[in-house]
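This note's numbering applies: residue 1 is where the sequence shown begins, and numbers increase by one.
These aren't lab readings, by the way, just hints derived from the structure by calculation.
There may be inaccurate statements among the hints.
Computed spacing ranges between beta-carbons, pair by pair [said to hold, decoys possible]:
| no. | residue 1 | residue 2 | range |
| --- | --- | --- | --- |
| 1 | R170 | P99 | 26 to 32 Å |
| 2 | E101 | Q40 | 26 to 32 Å |
| 3 | P99 | G77 | 24 to 30 Å |
| 4 | A48 | S172 | 29 to 35 Å |
| 5 | E39 | L203 | 23 to 29 Å |
| 6 | R76 | G25 | 15 to 21 Å |
| 7 | S130 | A36 | 33 to 39 Å |
| 8 | R219 | L126 | 29 to 35 Å |
| 9 | S34 | S153 | 36 to 42 Å |
| 10 | D220 | R52 | 37 to 43 Å |
| 11 | E39 | P63 | 22 to 28 Å |
| 12 | L203 | E101 | 38 to 44 Å |
| 13 | A62 | G173 | 28 to 34 Å |
We put the beta carbon where it would ideally sit given N, CA and C, even for glycine.
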Amino acid sequence: MTTALVTGASSGIGAEFARQLAARGHDLVLVARSAAALEQLAADLRAAHGVRAEALVQDLSAPDAATRVAEEVAARGRTIDLLVNNAGFGTAGHFAQIPAEREHEELMVNVVALVGLTHAFVPGMLARGSGAVVNVGSTAGFNVAPYFATYGSSKAFVLSFSLALWSELRGSGVKVLAVAPGPTQTRFFERVGTEKAAIGAKLAPPEPVVTSALRALDRDRGYVVPGRGNFGMAHLMPRRPRKLLALIGRRVTRQVADALSPSAAR
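All chains should be modelled from the sequences, with the hints used to inform the complete structure.
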């Protein structure tokens, strides 16, 4: 039986990945900061699907988070066959007003931990000739995102990094997938600080997002943008000139900054 490690598994898309992977028969290592939520989800999955599901509590903003997770996985005698890098959060507002330490934590979770965990587990997958990595990005990674500058840029990294690895590892037996959801019913907007951050968008439930992701992984698609509207937003906008796109994006997202000013997202 294969084992999947899912970060950010305590709620939202991460918890849904855990549920759908358990239904497929995967054992699970669930990673997040919330011990109570992880333990409850693990118990529910064991009862519902008869899989081995364990909680691993770790703050992924810590500098050595990926190393700690990998060491704990090894200490438990687990081999990771599928890595789901779902953990992440966003900041929004006027860049100069957002605390630098908060954005540092954001990059540690969205980028550094994601790369570190991929480094930790991909070599073993390559040695076995099988495995997969799923990195959860965002449609924000396709376009310039004023007032979400650090968040959007971190998700652009996730897309580029994932597709580079997908190309590099083709033929090795190891699959890589980037998932770029649009606005989804998660704690993202709560953590950003205002529901206005959704900019009037209809929030999709996590279930179809994860279903689309796993279907795309099965087909080794490289990346997927769940939802037709999201796909259009990500691909049909003109790519040039970039400065014009930045100015257009500013008009769309300015209401978020105004709603948050003078405080940044917490």
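Starting from the hint 26 to 32 Å, judge whether the C-beta atoms of R170 and P99 obey it.
With Cβ atoms ~41 Å apart, the hint is violated.
Practice problem: Mind checking the hinted window 38 to 44 Å against the Cβ distance between L203 and E101? | Solution: violated (29 Å)
- request: Indicate whether the distance between the beta carbons of A62 and G173 respects the range 28 to 34 Å.
  value: Taking Cβ atoms as reference, A62 and G173 lie about 32 Å apart, which means the hint holds.
Inset, instruction - Could you check the hint for me, namely that D220 and R52 are 37 to 43 Å apart, CB to CB? - result: This hint is violated: roughly 27 Å between Cβ atoms.
Note whether the CB distance of P99 and G77 lies within 24 to 30 Å or breaks it. violated (40 Å)
key: R76 versus G25 beta-carbon gap, inside 15 to 21 Å or not   = holds (19 Å)
Exercise for review: Take a look at whether the Cβ-Cβ distance between E39 and L203 falls inside 23 to 29 Å.
Suggested key: Holds, at about 27 Å.
Query raised in the report: Taking 33 to 39 Å as the hint, is the beta-carbon distance of S130 and A36 inside that range?
Result: holds (34 Å)
**Report entry** S172 and A48 - C-beta distance against the hinted 29 to 35 Å
**Finding:** holds (33 Å)
Look at the Cβ atoms of R219 and L126 and judge whether their distance stays inside 29 to 35 Å. Violated - the Cβ-Cβ distance for R219 and L126, about 21 Å, lies outside 29 to 35 Å.
Holds or violated: 26 to 32 Å for the Cβ distance of E101 and Q40? holds (31 Å)
*Using the beta carbons of E39 and P63, state whether their distance is inside 22 to 28 Å or not.*
holds (26 Å)
Comparing the model with each earlier hint shows violations of hints 1, 3, 8, 9, 10, 12; every other hint is respected.
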